[in-house]
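Here is how the chains run, residue by residue.
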Amino acid sequence: MTLVQMITTFCQAHPTAWLDRVLRMGLVVAVFALQACATVANPDPRDPMESWNRGVFGFNDTVDAAVIKPVAKTYRDVVPNWMRTGVGNFFGNLDDLWSGVNNALQLRGLDTADSFGRVVINTTLGLGGLLDIASEMGIERHSANFGLTLGRWGVGAGPFVVIPFWGSSTLRDTGAMVFDIKGNPVNHIDDVPRRDVLTLVNLIDTRATYLKAGEVVEEAALDKYSFTRDAFLQRRRNQVYDGNPPEEEELPNPDDALAPKQ
Amino acid sequence: MTRSFFRSVLTAAALVLTAMVVPVVHAEEEAPDALIKRLSVDVLETIKNDKAIRAGDMAKVIALVDLRIMPNVNFQRMTASAVGPAWRQATPEQQKRLQEEFKILLVRTYAGALAQVTDQTISMKPLRAAAEDKEVLVRSEVKGNGDSIQLDYRLEKTPGQGAGWRIYNLNVLGVWLVETYRSQFAAEINAKGVDGLIATLTERNKNNGKKA
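Listed in order, the protein sequences are those of chains A and B.
First residue of the first sequence? That's 0 in numbering that gives the first Met the number 0, and the numbers climb one at a time after it.
First residue of the second sequence? That's 0 in numbering that gives the first Met the number 0, and the numbers climb one at a time after it.
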């Protein structure tokens, strides 16, 4: 299923006028980015679509700097900490539900029990998910989406893909997104404006959580695109292998071959 | 001077020497995971108890990293690894500049993450290494608020120097630092050579310093 078909299907499933328009705009941007294809200086085998990806990455960065980051900053400055924590907990609780399903699909008994246990405790004792009682009780969160499930079933990541507005992904994770969207309870709300508001609030709250991390990347990266890509791919691989990825061939210790030793 | 007097002096000298030698030997035998645990707890405790650092005083965090962590890092190896094959062609002067600028960049980045510590704790994972291994992987976890962040270190044995082990690579959440910077540096070197890389790093450090 091509990216175009996926986005079109998504649009048809969610007949919201403005969201529809925004997504179609993303599609147009993607097509334009494709036109700007030029050969890259240092091709990375994990990133065969690098010039396309760089184009979309630049677009995402612009939109982020112009719209999303300022809104997230205002949200962080205006909304009190306890309220932001509540929002985070609420959406985290919804995420725990889908994580439970995925952990079950991966046949991870303990993680499944943890995830569903979290949902039950936080929904009942935690006032509908606003309070994270489960963490205080020591029940760990095991976040999992369908891309991770596919990865653990043995599906390779595929090429690196930057999705308009969304950001870093891989071909496998992009395909899995169709299921992730269905697995998010918010997307099953029939009342469209309410659903959109919740989606937006989730987006802004998530962005606000990563404001500091974003600043660290800004300072640490010489090339934001390759830094983000390399960090993302390493992290994803690490998640699939549960913290124990097989060793990729390590470059020999440069000191061994050096002539003058200090 | 009687023979017994000399014997006492020699015994005293022997005792003093032993007292001096024993702590050094003890330090050399510190296991790599014990070293990491000691360092991590040390740094975390300092941050938790220092209001200025928690408020985000970057200079203090940098001073802390410089004082407590850097002596246990083989920074030359880290830089050489990140720079890659071009390291061998670089002059000693260039190598020195690269090391300096890379260190400033890393300390700022690491310091940025440390400034966000609130009430995390460190737990070490069991060390899987043979006694004669010259290079080991130490795995730890930073726990706080239900999240747990994976933090791994690669250490090399340096008998006789400092604590006996030095860090040469660092992994946060599955992302190895040296590997990530390797592709960053490779791109710069291919485009502008080693001097270009030094210039980019210097420029970046200046800009980051201005923001502080």
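Incorrect hints may appear among the rest.
To be verified - Pairs of lysine to aspartate or glutamate, EDC-like flavour, derived with a Cα cap of 20 Å:
| no. | chain 1 | residue 1 | chain 2 | residue 2 |
| --- | --- | --- | --- | --- |
| 1 | B | Lys133 | A | Glu217 |
| 2 | B | Lys205 | A | Glu139 |
| 3 | B | Lys124 | A | Glu139 |
| 4 | B | Lys59 | A | Glu218 |
| 5 | B | Lys209 | A | Glu217 |
| 6 | B | Lys209 | A | Glu139 |
| 7 | A | Lys211 | B | Asp56 |
None of these hints come from the bench; they were simulated from the model.
Checking one constraint from the list: CA of Lys211(A) to CA of Asp56(B), max 20 Å. Satisfied?
Distance of about 15 Å is within 20 Å: holds.
For the pair we were handed, Lys209(B) and Glu217(A), check the Cα-Cα distance against 20 Å.
holds, 14 Å
Given hint Glu139(A) paired with Lys209(B) - CA-CA distance at most 20 Å
Violated, at about 40 Å.
Next pair to validate is Lys133(B) with Glu217(A); report whether the Cα-Cα distance is within 20 Å.
violated, 36 Å
Against the 20 Å threshold, does the CA-CA distance of Lys205(B) and Glu139(A) hold or violate the hint?
Violated, at roughly 41 Å.
Does the structure keep Lys124(B) and Glu139(A) at a Cα separation of 20 Å or less?
Since the Cα atoms of Lys124(B) and Glu139(A) sit roughly 17 Å apart, the hinted pair holds (cutoff 20 Å).
Going straight from one Cα to the other, do Lys59(B) and Glu218(A) come out at no more than 20 Å?
Given pair Lys59(B), Glu218(A) holds - Cα atoms ~18 Å apart, limit 20 Å.
Comparing the model with each earlier hint shows violations of hints 1, 2 and 6; every other hint is respected.
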